[in-house]
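J.: Order-wise, the sequence lines are chains C and S.
So my numbering is basically just the index in the first sequence, starting at one, shifted up by 1.
So my numbering is basically just the index in the second sequence, starting at one, shifted up by 17.
Heads up, some of the hints might be wrong.
Partner residues are not named here, just some residues of chain C that face chain S (Cβ under 8 Å, in silico) [to be verified]:
(1) L44
(2) R58
(3) R59
(4) P101
(5) T104
(6) Q111
(7) P114
(8) K119
(9) Q130
(10) V136
(11) L145
(12) V147
(13) Y149
(14) G151
Rather than coming from a laboratory, the hints here were simulated on the basis of the structure.
In this text, a Cβ means the ideal position worked out from N, Cα and C, and glycines have one as well.
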Amino acid sequence: MKVGRFNWPLWVGLLLTLAGGFSFLLVFVWIPATRDFPWANLLIFLVAAVLLFVGIRRGFASDRRRPTLSKIVTSLVALFSFAFIALFIFSVFVFSRWLPPSTGAPHVGQKAPEFTLKDTTGRDVTLTQLLSEPVDGTPPKSVLLVFYRGYW
Amino acid sequence: MEKSRDSLKAAGVRPVAISIDSPEESRNLAQDQGYTFTILSDPNAEIIRRYDLVHAGAGESGKDIARPAEFLIDSTGTVRWVNLTENYMVRARPEQVLDAAKSIK
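Bound-form chain S, shown alone (with noise of 0.2 Å):
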C-alpha cells in the first residue's frame, strides 16, 4: 500500500488501515515500515463486527481479529467497490483499488 501511496493519492484515496492492534503496536509498525497512511485501532474488533468482519479466535490466545477486506468509500459515506478475499493470501491490487477509485468524481 505504501509503495502505491502516490497513485492512490493523485486519485484522490485516502488510505486507512485497520485491525485489532493497539494504537502503540500500530505506532511501532508504521515507524518500522516507514507507513504515512492513516491506521486505525480496534482492539476489541467492535467496527470490525459491525461490518461482518470477524474471524472468530482465529488471533493470537483465540482473540477476534479481521479477515482482510479492503472498502472504497465516496465522499457521501456509500461503499463504491469491496473486495472479500476467500482466500487470505490473496489480496487486492492497487490497479483495481486505482480503477474503482477513477469512477468517483
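So here's chain C without its partners, still in its complex pose (with noise of 0.2 Å):
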C-alpha cells in the first residue's frame, strides 16, 4: 500500500487530544452535565486514539522516506499525546476523589454548630444572625452554607 508522505493522522490526533483537555478546562467545565463526568471530552480522546493508532502504523511504515526520523517523531508524538490523555483521565477520575472522608460533619436533623467568622468588611456575623437578620425586609427561611476550597 502507497501511503502519503504526510502523516496526517498522527497530527491530527495530537490537535485532538490537546483540543480534548483544553476544551475541558475552558469549556465543559462550566457545564454541570460534562463537568460531572466528561463524556464530550472522552468521546474526543476515543477518536484521537483511534488517529494516533493509524498515525502509528503510518509512520512505522516501510515506504517513509525517512524511515528512522519518521519513526522517532512517530513515537515521541503518540508517547505525548497519550501521556496527556492519561494525565486527564488521572486527575479527572482518581485526584478529583482524593477527598478524606467527613464522618463527623453535620448530619439532617442535627443543630448546625454556631460560629463566628469575619465577613469581606471585617464584621463578625454568626450563624444566628444569619439566620435571623431579614434580607430585604424579610427573614429567610433557611441558610444554605458553601464551603469551597477557596483561592488561597
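Hints given; two lone chains; assemble the complex.
T.: Following this line, the structure appears as C-alpha cells:
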C-alpha cells in the first residue's frame, strides 16, 4: 500500500488530544452535565486515539522517505498524546476523588454548630444572625452554607 | 450560585460562602465576579474543622482548606439537607438545593 508523505492522522490525533484536554478546562467544566462526567472529552480522546493508532502504523510503514526520523517523530508524538490523555483521565477520575472522609460533619436533623466569622467588610457574623437577620425586609427561611476550597 | 440568586431568594434561602480566603481576598473576588451573597472568612480553618470538612494540606504551601460541602439550615438551626461530594469537581446543582428549600416552611 502506498502511503502519503504527510502523516496527517498522527498530527490530527495530537491536535485532538490537546483540544480534548483544553476544551474541558475552557468549556465543558462550566456545564454541569459535562463537568460531572466528561463524556464529550472522552469521545474526543477516543477519536484521537484511533487517529494516533493509524498514525503510528503509517509512521512505522517501510516505505517512508526517512524511516528512522519518521519512527522517532511518530513515537514521540504518540507517547506525548497518550501521556496527556492518561493524565487527564487520572486527574478527572482519580485525583479529584482524593478527599478525606467527613464522618463528623453535621447530619440532617442535627443542629448546625454555631460560628462567628468575619465577612468581606471585616464585620463579625454569627450563624444565628444569618438565620434571623432579614434579607431585604423578610427573614430568610433557611441558610445555605457553601464551603469551598478558596482561591488562596 | 450567583446565577440562581433569584430563585434561591424566592425560596427564602440566604446563600453564605465560607473558605479560608481572607476578607480582603473574598472582597476582591466578590468585586471581580459581581457576587452579592455573604462571603465569610475562616483563615485558620477553625469552623471548617468544627464541621469536619478539613482537607489537610491541600491548599497553597500545604495549608489546610475546606473540602467542598453544602448545608441547608432552617431557621431553628437544624440541618435539613447536606451535600458532601466525593469528587471535588462534582458540586450540588441549584435544583437540589431548591427542592430541599421548598420543604422548609
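J.: Against this structure, judge whether each hint is valid.
T.: Tested hints:
For L44 of chain C, the interface hint is violated, since its Cβ never comes within 8 Å of a Cβ in chain S; the closest pair sits about 18 Å apart. This hint is violated: R58 of chain C has a C-beta 36 Å from the nearest C-beta of chain S, more than the 8 Å allowed. The interface hint given for R59 of chain C is broken, as the beta carbon of that residue sits about 37 Å from the closest beta carbon of chain S, more than 8 Å. Interface restraint check for P101 of chain C: the shortest CB-CB distance to chain S comes to about 6 Å, inside 8 Å, so the restraint holds.
Taking 8 Å as the C-beta cut-off, the interface hint given for T104 of chain C holds, the closest approach to chain S being about 7 Å. At its closest, the beta carbon of Q111 of chain C sits 5 Å from a beta carbon of chain S; the interface hint therefore holds under the 8 Å criterion. Annotation: P114 of chain C was flagged as interfacial toward chain S, and the flag holds, the nearest CB pair being 5 Å apart, inside 8 Å. Nearest Cβ of chain S to the Cβ of K119 of chain C: about 5 Å, under the 8 Å cut. The hint holds.
Violation of the interface hint for Q130 of chain C is found here, the shortest Cβ-Cβ separation to chain S being roughly 10 Å, above the 8 Å cut-off. Given the 8 Å rule on beta carbons, the hint for V136 of chain C holds: about 6 Å separates it from the nearest Cβ of chain S. Restraint check, L145 of chain C versus chain S: the minimum CB separation of about 5 Å is within 8 Å; hint holds. Using the Cβ-Cβ criterion of 8 Å, the hint placing V147 of chain C at the interface with chain S is satisfied: the shortest such distance is roughly 5 Å.
With 8 Å as the threshold, the beta carbon of Y149 of chain C comes within range of chain S, its nearest partner Cβ sitting at about 5 Å, so the hint holds. For G151 of chain C, the interface hint holds, the least distance from its beta-carbon to any beta-carbon of chain S being 3 Å, beneath 8 Å.
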